[in-house]
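Novice: Residue-level listing of the chains:
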Amino acid sequence: MQRIIQINIAGRLIPIEEDAYLMLRDYIRSLERHFEKEAGRDEIITDIENRIAELFGIRLQTGTPCIDQSDVSKVIETLGPAYTLGAETADPVNPYLPGPYTGQQQINTSGQRRLYRNPNDKWLGGVCSGIANYFDIDPVIIRLILVILFLTAGIGVIAYIIAWIVIPYPTTPQDIAYMTGGQPMNFHTISRNVAVELQDLKKRGEDMSRDLRDFFSRKK
Amino acid sequence: MTIDNTESQMRKGLLELCILGIIHREKEAYPSDILEQLKGANLIVLEGTLYPLLTRLKNADMLTYRWEESPSGPPRKYYSLTKTGLKFYARLKQSWDDLSNAVNHLTTSI
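Going line by line, the protein sequences match chains A and B.
Using my numbering, read the first sequence as starting at 1 and increasing by one per residue.
Using my numbering, read the second sequence as starting at 221 and increasing by one per residue.
Any given hint could be a false lead.
[Unchecked claim] Which chain B residues stay away from chain A? Per the calculated CB distances, all over 12 Å, these:
no.	residue
1	264
2	274
3	279
4	290
5	307
6	308
7	322
8	325
[Stated by the list, open to error] Below, in silico cross-link-like pairs of lysine-lysine (BS3-like), each with a Cα-Cα straight-line distance of 30 Å or less:
no.	chain 1	residue 1	chain 2	residue 2
9	A	74	B	313
10	A	74	A	122
11	B	297	B	307
12	A	37	A	202
13	B	232	B	297
14	A	74	B	307
15	A	37	B	297
16	B	303	A	74
17	B	247	B	303
18	B	303	B	259
19	B	232	B	247
20	B	247	B	313
21	A	37	B	307
22	B	313	B	278
23	B	232	A	37
24	B	303	A	122
25	A	74	B	259
26	B	247	B	297
27	B	307	B	259
28	B	247	A	203
29	A	203	A	74
30	B	247	B	259
31	B	313	B	259
32	A	74	A	37
33	B	247	B	307
34	B	303	A	202
35	B	259	A	203
Source of the hints: derived by calculation from the structure; they are not laboratory data.
It should be emphasised that the depicted structure is a prediction, and the values quoted were computed from it without experimental measurement.
Cβ coordinates follow ideal geometry from the N, Cα and C atoms, glycine included.
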């Protein structure tokens, strides 16, 4: 069962399934983070939202009653995941490669894996799911172990922070394919990583408190 | 080094020229229209790459736009070249012509 909600995107009312809405919201947030340092950030996001509205409009004209998850993922595929869109300050990422999630093994990693933090499934820094990914197990198990470490000696906190700093974040499709191979760590990249993560964390905190507020106000 | 990568680097470098070229030819163009032409020519794969470029060109005073209501869907931004943009385009086009001549000359077997 799915609840259908109405959203207003670029001044257009769109009926959309709740799951699909969450997916779309995450995508737009990832764009906001990606273009964070860009002067024209708001404008770029508005333009992209306009395009999304247009694509949804075309889809709705075909007689579908509402937008679902497959429609949203098609739109994301058309526009491209955030990190492929080349922000001014970003490392040179090839924006014309097709999304890495779809064509997974186009990039030959010959079965080799590297340890990265997982940007697609994260609570804080994506450390646990990155490790889980590396060993091909459920991230819940790693998180459980970490929580136990938290509770027993507090080692978990320090271990987590160190892992957060040391394990690189994937930035290119090749990285994702390897879950990925990185630049050597030095003081500069570490401090930059920390700054980026802090910003991201702040954003997540804000999002979370907004979600909580929404949740409680709905309860009342 | 893969062929895909090299090809896409080439296209990427020419994208700005092509965007300006399309707008120049059409006098005025809105993003979805530009996208269609770029996609038709196989110059762009991911639509999202266009919007940051347009905004940057606009912020660099190469482009300007006006809003226009569309018969269907949200209002459209119609982009056109500014004076600076026109000059920039002419120079870019000239460099491209020179470059492509030189490349053709070098890579043609006799």
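Novice: Can you name, in rising order, the numbers of the hints this structure does not satisfy?
Specialist: When the structure is compared with the hints, numbers 1, 2, 3, 4, 9, 14, 16, 24, 28, 34 and 35 turn out to be violated.
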